[in-house]
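**Student:** These are the residues of each chain, in order.
There are 2 protein chains.
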Amino acid sequence: MRLTSYTDYALRTLIYLGTHRDRLVTIQDIADLHAISKNHLMKVVHQLGVSGMVDTVRGRNGGLRLKREPADINIGAVVRNTETDFYMAECFDPANQGCAYSASCTLKGVLGAATAAYLKVLDGVTLADMLAGAPQADAFSPVRIYPRAALPG
Amino acid sequence: MRLTSYTDYALRTLIYLGTHRDRLVTIQDIADLHAISKNHLMKVVHQLGVSGMVDTVRGRNGGLRLKREPADINIGAVVRNTETDFYMAECFDPANQGCAYSASCTLKGVLGAATAAYLKVLDGVTLADMLAGAPQADAFSPVRIYPRAALPG
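So the sequences go chain by chain: A and B. All residue numbers for the first sequence refer to numbering that gives the first Met the number 0, where the first residue is 0 and numbers rise by one. All residue numbers for the second sequence refer to numbering that gives the first Met the number 0, where the first residue is 0 and numbers rise by one.
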């Protein structure tokens, strides 16, 4: 059972923004820190913008910042928003009505209850709760850029 | 967030065996019913055998049957056994120690608590509970085989 990497990066982006509220953050900062694709991260950031969690400032000195207070960013809401689906079995797919058990099977109910319990835990957590245990500000710095003189060759 | 199709088929196999305790069931019966690959199902059944949940009788009239009473087959144990992992984010992968947040990040704890809540629901359910709501015996029949005369052409 996995969350998508999309959700993983959305959560890490929010954590980064929450620990760098003193400045605008660039997508490059976060991509460098996690050594992930900037293109992939741009899609994540775009959706966080559409859902009103992240604000984008354009221009040469532009960047990203949280649009809401961390206490107002619910982790359950983020995960519901970034996961494409919670299809625990074929019967969760609305396009698939083919399961021979579907008429009276209890599988969907059992797996649905487990998924609800999963999301209920996340619904009880805000970004502020998560930041409370995280180091503040520059503890999460982008990867160190070595001065040219220090590079081999 | 998804379970693997492997887990989905393992659960459906157990439900089928639990509702057909009057006879040996073949892999073909289950593959036909769900229109799924017999090869894929063979791997699922093999693992259910290794974990002591399903018994295989060899030979011309052989087939499968439950090795334990449905009340002794815990759904949480089945899912833990069939899912390859519960990696909710990169930090859940023991091979990946690269996350820049790992030292003090709360993400793993939060997602781990949610996963534990998910499994706790399943730990409270047995196959017998699931069968209690399911139709018995031949209600889950393999796909109907039309007599040759009824086929077009």
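FYI, nobody ran anything at the bench for these hints, they're computed from the structure. Keep in mind that a hint or two might mislead.
Remember, identical chains collapse to one label, so a pair may be satisfied in a single copy or spanning two.
[Stated by the list, open to error] Here are the computed lysine-lysine pairs in the DSBU-like style, where the Cα-Cα straight-line distance is at most 30 angstroms:
no., residue 1, residue 2
1, 66, 107
2, 66, 119
3, 107, 119
**Student:** Determine for every hint whether it applies to the structure shown.
**Tutor:** Going through the hints against the structure:
1. 66 - 107: Answer is between: at 24 angstroms across copies they meet the 30 angstroms cutoff, but 37 angstroms inside does not.
2. 66 - 119: Within one copy, since 24 angstroms is at most 30 angstroms while 35 angstroms is not.
3. 107 - 119: both (18 angstroms within a copy, 16 angstroms between copies)
In the structure shown, no violation is registered for any of the earlier numbered hints.
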